[in-house]
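Chains as they are written, first to last, in the working numbering: chain A, 1 to 316; chain B, 1001 to 1360.
Worth double-checking, as some hints may not be accurate.
Coverage of chain A stretches by chain B, computed from C-beta distances (three or more under 8 Å per stretch; other residues unrestricted) [claimed, not checked]:
{"no.": "1", "segment": "122 to 134"}
{"no.": "2", "segment": "191 to 205"}
{"no.": "3", "segment": "285 to 297"}
A few chain A positions that, by computed beta-carbon distances, are all more than 12 Å from chain B [what the hints assert, rightly or not]:
{"no.": "4", "residue": "S9"}
{"no.": "5", "residue": "L59"}
{"no.": "6", "residue": "D64"}
{"no.": "7", "residue": "A84"}
{"no.": "8", "residue": "V212"}
{"no.": "9", "residue": "V282"}
Since the hints were derived computationally from the structure, they do not count as laboratory data. In this text the structure is predicted, and so the values were computed from the model without any measurement. Cβ atoms here follow ideal geometry from the backbone N, Cα and C, with glycine treated the same way.
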Amino acid sequence: MTVVKEAISALVAILVFPGLAFMVISALAFEWLDRVMIARLQGRVGPPWYQPVADLIKLLAKEDILPTGANEAVAAVLPVISLASVLTAALYVPVAGYGVTSFEGDLIVVLFLLSLPALAYFLAGWVSVGVYSMVGGSRSLLQYFSYEVPFLMALATPAIVADSWRIEIIVTRQPTWGVFTMPLGFALAVVGLIGKLKRDPFDIPKASSEVVAGPLTEYSGRKLALWHLTVDVQTVVGILLLVNLFLGGHTSTFVPVAAWISPWLFAGKALLILVLLAAASVLYARLRIDQLANLGWRVLAPLALAQIVVALWMVS
Amino acid sequence: MDRMTIPIGPQHPLLKEPMSFTVTVEGEQVLASTMRMGYVHRGIEKLAESRNYRQVVHLVERICGICSHVHTTTFCDAVETLLGLEVPPRAWYIRALLCELERIHSHLLWLGVLAKNVGYDTVFMYSWRDREIVLDMMEELSGGRVSHAVNIIGGVRVDLDVEQARSMLERLPLLEEKVDGALHLVETERTLRARTQGVGYLSPEQIRAYCVVGPVARASGVDVDMRRDAPCAPYDELGVDVQMHTAGDVWARAVVRVRETRESLRLCRLILENLPAGATEVRAPRRVPAGEAVTRWEAPRGEVLYYVRSDGSDTPSRLKVRTPTLTTLITLPDQLRGVALADVTVVLSGVDLCIACADR
């Protein structure tokens, strides 16, 4: 009986909370919040709460076509791989202290799984044969090389300070939140996350006035729906990762709080990062790809290196 | 990387009107470009030869969806010259008021399009929101937001009462504040400058060689403005402060246009405060004596020229329109050569194309 019970609770954890269902629902909720916040900052009203769900259902029901000459099988598999990898990454990122599973080194696995969609995105541009797709695809690869190194280095600093690569342990080994001890690392991680999610002002691979919709130009219907869901889930996982690594997860610093508050505290921190992302997309014009590469290698990467040196000094 | 040919248009998110560019790129660098126009050619000049003068006023209004009023003003001016009509000053003031409101509307629209194309949606939303103030004023004055049908040969068919003028004057400070904000943003915002500075440079020599007019010429330090160079009422009384820049790139064009918007607001205030009393139109005969007339006027994009030839009947025997966009289009292959693919959008936005004007 205990085996059955364990199996059921594992299934619930994977499929309901904090797994699949919770991730998809919060992904759609975050997309709505993000759109409303941006709209309000731009003097617009923004969509109603059910808009992301309606968009998803609409796309799932639409005709799914690809241009002649595109590799149908690969094009269909890519969004599935992307969505699967970000959902798998979600399993290792604790939500308010509840994780499905964890082991020493799961941070590295999460970072790897979060990077897979970037490769799939590039390939999507390559297999769908349009010129805009190809240009967008090569841009996305260039962008990947610009933001990924500072992003990884920034996320490595809390692991170095906590002396563990297990997210659960990093959360608890923050007597004061990482954002206070490593503000630079946090800032770099947020900038890197914007690059990873291809949000404004780093939406270079899919800049509509330049390359229409980048690698996804030729995508439609269910495949496009999965791509959109991938980005939404990736946003949530990325934000939760930063909350765990830099904002102490569900724990509080300075003042102790009651147990029932900590999930809300966790949600509040996640929203705070979402506000930062929304503000960045409202405040700046899109950069050119060479300007982003310059920023990545001449500014962000040296700063990240400096942050790692400081972190090593803090540990010793 | 291989050479690739990228089609931009006739349907593309960057272009608001149909026009086709073909850009050859190597990696991200543009090697050459060709363009093809004529997708919105409606044969308006030929059509005008089979309509009477009163109908042609409404026909030329359809040339452009943004600067429709300046087209009718220039056409009416030409016909009135042929007729030797003395148009009352109040009519000229109301015509000029709409011209300036149209310029504000056109420049704010352009700023929004540029911002949108460099991924700066916030500025796009703000400038189009502020543009609504002008559109409201134009609607109160003429009944239409973009097509006004205000001009008739011999004057204007609308009038402003004291209450309307006062209400407009009250709304100008708000718009002035918004435009000042936009100017500050264009001059100082770092990402916007990073995208627009040094892109699409045109030297004063190129401007003169290609006969480029309007804000694009003024941004390269070529001092042309028909409101001052071909003075007519009421600009000769009001005095126009022509806005200049020497940088010659897209950023300079943005600065010039936003400063011009500010200058237009000043002119609107002057016009509303000094509106002369009297009639708004004089009666014009149906038939126009034989002869030719050329008139020039400063549209938002630069000099617009009308040539009208009459054979003494009630229809023009030839109408020729020269719009500012046509000359700017010719400079595009020069401007696009060697820029990054991402800058094609900046160059194309920077010249403020009006394809409908160019095609007619």
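For each hint, the structure was consulted:
For the segment 122 to 134 of chain A, the stated coverage by chain B is satisfied: 3 residues place a CB nearer than 8 Å to a CB of that chain, which reaches the threshold of 3. Here the segment 191 to 205 of chain A counts 4 residues with a CB under 8 Å from a CB of chain B, which clears the bar of 3, and the coverage holds. For the segment 285 to 297 of chain A, the stated coverage by chain B is satisfied: 7 residues place a CB nearer than 8 Å to a CB of that chain, which reaches the threshold of 3. With 12 Å as the threshold on Cβ separation, the claim that S9/A sits away from chain B holds: the shortest Cβ distance comes to roughly 45 Å.
Against chain B, the non-interface label of L59/A holds: every CB pair exceeds 12 Å, the least being about 19 Å. At roughly 22 Å from the closest C-beta of chain B, the C-beta of D64/A stays outside 12 Å, upholding its exclusion from the interface. Remark: the non-interface label on A84/A is consistent with the geometry, its nearest Cβ contact in chain B lying 30 Å away (cut-off 12 Å). In this structure V212/A is not separated from chain B by more than 12 Å, as the shortest Cβ-Cβ distance comes to only about 6 Å.
Look at V282/A: its CB is around 5 Å from the nearest CB on chain B, not clear of 12 Å, so calling it non-interface is violated.
When each numbered hint is compared with the structure, violations occur for hints 8 and 9.
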